[in-house]
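Trainee: These are the residues of each chain, in order.
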Amino acid sequence: MIENPHSCGYHDQLSVAANDFLREIKVELSGGEIVIQCLKDEGVEYIFGYPGGAVLHIYDALAKSVDIKHILVRHEQGATHAADGYARSTGKVGVVLVTSGPGATNAITGIATAYLDSIPMVVVTGQVATPWIGSDAFQEVDMVGISRPCVKHNFLVKNIEDIAITLRKAFYIAASGRPGPVVVDIPKDVTDPNIKIPYSYPTNIAMRSYNPVVKGHIGQIKKAVDLLLAAKRPMIYTGGGVVLANASDLLIQLVRHLQYPITQTLMGLGAYPAPDKLFVGMLGMHGTYEANMAMHECDVLLAIGARFDDRVTGKIALFCPEAKIIHIDVDPASISKNVRVDIPIVGSVDYVLNDMLKILEEKSYATDTDALKQWWQKIETWRAKDCLRYNKSSPLIKPQAVIEAVYKVTQGKAFVTSDVGQHQMWAAQFYHFDQPRRWINSGGLGTMGFGLPSAVGVALAHPDEQVVCITGEASILMCIQELSTCKQYGLPIKIIMLNNRYMGMVRQWQEFFYESRYSHSYMDALPDFVELAQSFGHVGMRVEQPDQVEAGLEQAFAMKDQLVFIDFVTDPSENVFPMIEAGKGHHEMHLSPAGELA
Amino acid sequence: MRRIISILMENEAGALCRVAGLFSARGYNIESLTVAPTEDLSLSRMTLVTRGSDEIIEQILKQLNKLVEVVKVMDLTEGFHIERELLLLKVKAKSAEQRTEIKRLTDIFRGKIVDVTELSYTIELTGAGEKLDAFVKAIDLGDIVEVVRSGSSGISRGDKGMRL
Ligand SMILES: Cc1cc2nc3c(=O)[nH]c(=O)nc-3n(C[C@H](O)[C@H](O)[C@H](O)COP(=O)(O)OP(=O)(O)OC[C@H]3O[C@@H](n4cnc5c(N)ncnc54)[C@H](O)[C@@H]3O)c2cc1C
Ligand SMILES: Cc1ncc(C[n+]2csc(CCOP(=O)(O)OP(=O)(O)O)c2C)c(N)n1
Ligand SMILES: [Mg+2]
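Protein sequence lines correspond, in order, to chains H and E.
When we follow our numbering, the leftmost residue of the first sequence carries the number 1, and every step to the right adds one.
When we follow our numbering, the leftmost residue of the second sequence carries the number 599, and every step to the right adds one.
Calculated directly from the structure, the hints in this document are not laboratory data.
Treat the hints with care, since some could be wrong.
As the list claims (entries may be wrong) - Calculated cross-link-like contacts (lysine-lysine; reagent style BS3-like; alpha-carbon spacing at most 27 Å):
no., chain 1, residue 1, chain 2, residue 2
1, E, K664, H, K337
2, E, K735, E, K692
3, H, K560, H, K487
4, E, K735, H, K215
Everything numeric in this text was worked out from a predicted model, so none of it was measured.
Make a model of the complete structure from these sequences and hints.
Mentor: This is the structure we're talking about:
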């Protein structure tokens, strides 16, 4: 029995109950038809896929189905990122359908991307027919073996009778507990159109080996509250888990009541509104001075749905040296993995914060207001450094200025996807997200090529919203083919390319740590991106002057029904600041030359 | 520290790979690993011997628990337990003197001679790892033809069992 398919809101018991009646009337379906029918019964809206031999039976069943929309991408990596973008922006499970062999291996990068960021996804892959498995058959790869290290779970379905129950489990596993991608590998003979069996979609599944804990231990939560209220220099550090648990409102209540400073990881941005004064900015390698200093000096740290990643902690021995740490996480393995914590709370953020708020209420949120006042004074002096300051009178376009202008022109309301590199960090720093699920980026794997295809998924899920893809000239070329998908489905994404002619993030490390030997990080022989966009049937623009940035954006966003690709020619020498070198502590930040002036 | 971990898991194809894969992917070491179905054929019982600091062992237990097919995980070394391993050893036994000596050693260790040829004895011995180590050491290295060890199986002492 599934209890609390909490976070991802993927299935609700009521609709299941209502459908029970209909299920009584059993129909005979082939394996291929069962796959499609199961997806319908899961309430799937979109399948992102690419056909091939091993999935042709499934595709044939798909052709006869009207309810599910199939989005034909141009590369299987694109399918996984699109499904991922769909999942991140909606909280629903993203669905992918690809063929065996090369189709399956092409999907791996996207599966690993989703795995590292805990994104719910079901990937159906074709497999060679069961008698051929293990014979090095045409387009055979051991997908279950290849994907094992980068999935939450995977299945090989050997019998038609197992398709429905396996897909049901796949969706349940993908969306519950700590979400993640699940691969379902289906051999071609299992989907044979000539073999039919009575179909019914299982309403209940019992899995004795899988029961994620969502409710936190009350005793632990009480201890945590006492510690929190006694804090003199408290700090709240939240991550992707708050977004995944749809617990943004609860987090806002908690922070507002306590009036404690809050910082968020790259994955957590938007769960707490960035423009709010209690938010001290992102933390970590490219976090703000005030966030990192406050981490370094806090005496109580409340970590919520964050996994103490090395980009966040810096050198472990120097991490929050004075703090007692409380950690709320649905995955026990995330707790005390990198940093030992004092009060572990295993549970889903939504459940735990609900309980925590009740207990805090009983204690009238009695914080140490005097100490808090002093703490905030200290934080404000750090904030006054204005660590994100950059040179605004440069004759070259500063990448930060472009993001600021995008923020202004979209009124901070856009869904923003990003690729990986400097542009990603500037987007995180300068687009002040005030809602969860609006900032879509690959944090854990750092997958270049993620930005455009993920925007495809976002744009399909949110046809009436502005969707922006912030990218670099190196990243965009990794999945550029998806411009064709955008054309086919009329997706009016705005692509903001910060063109510094370098793999900027690589160049920055080479400048700092390799005496400016720019080994293979210059992007030579770039295409004319304006013409390239046009050749795909889109609008291309180029902006080269700082004073044209905003006007260019206004013009682009005015073209509501068009994909507009803007090539912003930016200062190639700009670096991302602040920066903590790998292996250093939070208090050992490099500030920008412009920032030092402050 | 050396730990003996018991795992109860779904008896499904690939379940063993998931455990082995977890250890190699995360760089944990496996000293030995044994697995076989239980009286309930839908379940397998695995005994895994590993070494690591307390932090590593804590992560190992958590990561094992996280595997979707794993039903239960227990660190046997936390309580009183019994550890047994099977040793099969083939040894040269030509002269009468040699044969008596090996027979005597086998008796001391409470082993059994299970196969005899004109040139060799095959001995079966069970016990904790150290006992088997001691036995192997007691036999002249030059006389050993073959050593096969099963890896440890373990069970807790007392009336409680690791069940569903
Ligand atoms: C170029 C580059 C630079 C980067 N620089 C930075 C940086 O400066 N700062 C930074 O923060 N990151 C940075 N990152 C990202 C970094 O690599 C990690 O991806 C990120 O820090 C992880 O965020 P997180 O801790 O929020 O964890 P996530 O990966 O979002 O994990 C979520 C956590 O929440 C838990 N969880 C999930 N669901 C629930 C639930 N329902 N209830 C409770 N818990 C739940 C999970 O178990 C997990 O522990 C950078 C990445 C790149 C590519
Ligand atoms: C698939 C992949 N390959 C390599 C890298 C390593 N890498 C990280 S950032 C980066 C450069 C990105 O360049 P660009 O897209 O132009 O962005 P910029 O840093 O210039 O803003 C590289 C190569 C990666 N993250 N992903
Ligand atoms: Mg670049």
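Trainee: Hint numbers the structure violates, sorted upward?
Mentor: Number 4 only.
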